[in-house]
Amino acid sequence: DTAVSQTPKYLVTQMGNDKSIKCEQNLGHDTMYWYKQDSKKFLKIMFSYNNKELIINETVPNRFSPKSPDKAHLNLHINSLELGDSAVYFCASSLTSGGTLSHEQYFGPGTRLTVT
Amino acid sequence: DAKTTQPPSMDCAEGRAANLPCNHSTISGNEYVYWYRQIHSQGPQYIIHGLKNNETNEMASLIITEDRKSSTLILPHATLRDTAVYYCIVRPIQGAQKLVFGQGTRLTINP
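First to last, the sequence lines map onto chains X and W. Heads up: the first sequence at position 73 corresponds to 73 in the numbering used here, and the numbers run straight through without jumps. Heads up: the second sequence at position 10 corresponds to 10 in the numbering used here, and the numbers run straight through without jumps.
Any given hint could turn out to be false.
[Unchecked claim] A few chain W residues that face chain X, going by a derived Cβ cut-off under 8 Å, partial list only:
| hint | residue |
| --- | --- |
| 1 | CYS12 |
| 2 | HIS40 |
| 3 | PRO44 |
| 4 | LYS98 |
Just so you know, the hints here were simulated from the structure itself, not pulled from any lab data. Each residue gets a CB set at the ideal place from its N, CA and C atoms; glycine is no exception.
Starting from the given sequences, assemble the full structure and let the hints guide the process.
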């Protein structure tokens, strides 16, 4: 199936650990995103990559480091996890051709991170 | 910060039309209106978008007022599977591709 996939779906870990979330899209898109949805259900952009280049970097702690090995993948590595990092993290992708606005972002199913 | 205002919740009977309002009084001429929805425990899903004309697709219709300061998303024949949080978002034609989500409207379809 063509889609945006994320692994793992659930992640439970202790404070201070380092963890990674992986995202892959097979839609042929050139732009990928990470969004965070906290316990109050607010959904906020964190990062965006276009053709492996970082184009959006919101006010996110340095402990969060995105990595895009190629256009189809955008991974999120989190160092020294804190309780406040507990949230659902959504990956998304869209097609942006030569600066043309992409009207539709496709979202993955989310990764529920619980830090204890 | 979100540039839209939506009612926090609405109810609609199954089979009836669900009309979800959105206020975007500060919208500028280069901004589109988008609607996304998030069904429980899933990622957001694109529904429809528009600039100034009314739009319709297989999922919904979007009615934008002439002054563009408000819009209404219409689900013509709501089903139980339409129960979700609906987000109205405005975004520039050019520039950053990020979506800025507000609180949305929690729509409950009742049998």
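Query raised in the report: Any of the earlier hints contradicted here, and which numbers?
Result: Checked against the structure, the hints that fail are numbers 1 and 2, while the rest are satisfied.
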